[in-house]
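Participant: Fit chain X to the given chain S structure using the hints.
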Amino acid sequence: MNDVHAPTHDHDPDHDHELGFWRKYVFSVDHKVIGIQYGITALVFLFTGFCLAMLMRWQLAYPGEPLPIIGGLFSEATMPNGVMLPEFYNSLGAMHGTIMVFLGIVPLAVGAFGNYVLPLQIGAPDMAFPKLNMASYWCFLAGGIVMLCSFLAPGGAANSGWTAYPPLADIATTGQTVWLIAMVFLITSSLLGSINFIVTTIQLRAEGLTFFRMPFFVWAQLVTAFLLLLAFPPLEAAAVLQLMDRLADTSFFLPSGLVVDGQPLEVAGGGSPLLWQHLFWFLAHPEVYVLILPAMGIVAEVIANNTRKPLFGYRGMVYATLFLGFMSFMVWAHHMFLTGMGTSISAFFQATTMIISIPSVIILSNLFISLWGGSIRFSIPMLFALGFLPMFGIGGLTGLPLGLTATDIPLHDTYYVIGHFHYVVAPGTIMALFAGIYFWYPKITGRHMNKTLGHIHFWGTLVCMNGIFFPMLIQGLNGVSRRLYDGGASYEFAEPVLYLNKIMSHSSWTLGLFQFFFIVNFFMSLRTGERAEENPWQATTLDWQTPTPPPHGNFTQTPVVHHGPYEYSHPDLKQGDYLPQNLELEA
Amino acid sequence: MQIPYTVETRPDTGLHNSKLGIWLFLASEVMLFGALFSSYILLRINSPDWPAGHEVLNVPIAAFNTVVLISSSITVLLAWGAVKFNEFKKFRLYLGLTILLAFVFMIAKAYEYNAKFSHGLYPSTDNFLGIYFTLTGLHGLHVVGGLVVMIYFWGPGSGMFHSEPKHFADRIEVAGIYWHFVDLVWIFLFPVLYLL
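Each protein sequence line maps, in turn, to chains S and X.
Each residue of the first sequence is one higher than the one before, counting from 1 in full-length UniProt numbering.
Each residue of the second sequence is one higher than the one before, counting from 1 in full-length UniProt numbering.
Excised from the complex, chain S in its bound form (with noise of 0.2 Å):
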């Protein structure tokens, strides 16, 4: 619907003065506050899912023994005397999965950097959409509370895992209804946030910004828009049609015939449990790309500006991201191998799955390759960038075994899967975010963030999530699964592999400890960090030519665009070793 009230009068540059507190901070409009707003609720979901990783962390490194200190502040009905249940493992490890995915990376990756940054890199004084732009960022505020109000739910929060698999889901305790309610709000949220991206994007750009002069951040938060924007919906319809089953006794998922707790379930029989597991992973692969597409483009930015030369292969990527985007939706089945589809579908998707390798590895390479021969500049959005590139490469290519039917029989539902796809979102897409606060910080704030806590946070981020997510392969390679209450304890044949929980475990509490630094930095540097003038890194994208921090309506003066987005130590410069987008190159 068209929500915008464009008014007849003339801008009045006191406009937003008269603005009280409550429309200006909290309720705005405002495409930077709503980016801020989203970054720090994201924020804070993140590190409240990291914290769920982290109990679950010590029941696997120290099964069955009470959690000290902490471990009495839990209810008898989720850890008595500090002993974790097993609902409750079970519990916190799909609500890790929910809170991180669609309550932290998506929402700071897209919600937060792309309404915050898009808008400025392609010169719009606003998103298309102000008020659906705030309508989203509350629709997601509010289902990431009805998330963590599951918890308080008979029964505790959604047990099912974070793919909420029927027929067990379907059976589970009222959290799992909790659980859907909220995932409705999410994915309204998502879909106004993804309209607006692509509208503002296509309408909003600004004179002379033609799309391949659009920096490599705006393709892949565009494309992201469109995967969020088609992907979703198919959830939403399992979302639906999981919520029948739950309330009004429908059977989609329930096959006939189906006994619980040695009784026959009384229903009408018939469903598909794999109906949900198609029209969960359709949007469910595509979402993988949500989650490493706006990496990419932070990292993109980050490695222009401090390589002081143009991305190697500019057009590559943004035709290497396109393919991605449309091949994304025809590799969801690779999640399936073992649900006995059938030989000829697994054939189909394995090699949907190997080809959709080949653009993931031109946008990496291109990344590589753009260091090539740069006077390097390791500021810490650059080391983070830099941590990003063999981290995500690790990442890729342990998802090659996965995605071929041979090698995925072993490893399925192993610990490797687990190590795999948090190299990817972890040090792969959680770096590339550090990276991108540490760089535009001193845009949003006005002040630098410090440089030596910056130091610690990076080397100790990077060494604990190895520590932690290297041995998962090892362990997944040894057979143990990755739905073990006790960590393997129980069984002889994890026996080599059981020491590694330790390891991971004291390496995730580490990671936690060197997460206060950042926050730290973040708070003080707010106050006490070193002044930024408008352009500090001497970056050519037009976010850097507005005032720090952008007014409201963001450009002194309408931007007109006159070359490509990376115009870095170009031969022809009479002074500095950069030209900014909205400048001509003088004759």
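These are calculated hints, taken from the structure and not from any lab test.
Heads up, some of the hints might be wrong.
[Claimed, not checked] Listed below are several chain S residues computed to face chain X (Cβ distance under 10 Å; list not exhaustive):
| hint | residue |
| --- | --- |
| 1 | F129 |
| 2 | A135 |
| 3 | N196 |
| 4 | Q203 |
| 5 | L228 |
| 6 | L229 |
| 7 | Q263 |
| 8 | P264 |
| 9 | L265 |
| 10 | V267 |
| 11 | A268 |
[What the hints assert, rightly or not] Covered stretches of chain S, as calculated for chain X (at least 3 residues, CB under 8 Å):
| hint | region |
| --- | --- |
| 12 | 233–241 |
| 13 | 244–257 |
All C-beta atoms, glycine included, are put in the ideal place defined by N, C-alpha and C.
Facilitator: Coordinates of chain X only, in the frame set by chain S:
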């Protein structure tokens, strides 16, 4: 601060923002209903005893509702035309008719649901009725959503007709595009559920 291309069209894309927005929204709606129709197909081919729609459901009422909804698509178009020709009374008449037809549709639907319930036919009875109630229920929610928007433009939102006629015409057009989509979904639902 003014957002560009809210009313006027951008020269190189030939669109104003809300028109692009509604088409994108409808693209996602196609994926939503597409997923549900696919689920219908999968459930049906897996089922040994899928009933024929016309044996369970009331075809004459659904046929009547099809006519009602197609008529409302025509009246919403006439309402948009009336805004374009700056005829306020005609606009109120045609949009009012559209709203009335939407209500007729919902009342007929409610009667149909009620008749099913009184015969002990619930979503839980079998997967055919389950998917029937899910699909028509979701479609009904879309009708309600359209009703809310059109009642707003007919009543409290109609002041814009005089203050910003171009912008108002765009709003009616966008609402009309959405309404056509709701109509189109029903045109798929009717044969799939009632006739096949």
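Participant: Next step is simple, just say for each hint if it's right about the structure.
Facilitator: Going down the list of hints, with the structure as the test:
no., hint, result
1, F129, "6 Å, holds"
2, A135, "13 Å, violated"
3, N196, "8 Å, holds"
4, Q203, "5 Å, holds"
5, L228, "9 Å, holds"
6, L229, "5 Å, holds"
7, Q263, "17 Å, violated"
8, P264, "15 Å, violated"
9, L265, "12 Å, violated"
10, V267, "7 Å, holds"
11, A268, "5 Å, holds"
12, 233–241, "holds (count 7)"
13, 244–257, "holds (count 6)"
Going down the numbered hints, you'll see the structure goes against 2, 7, 8, 9, while the others check out.
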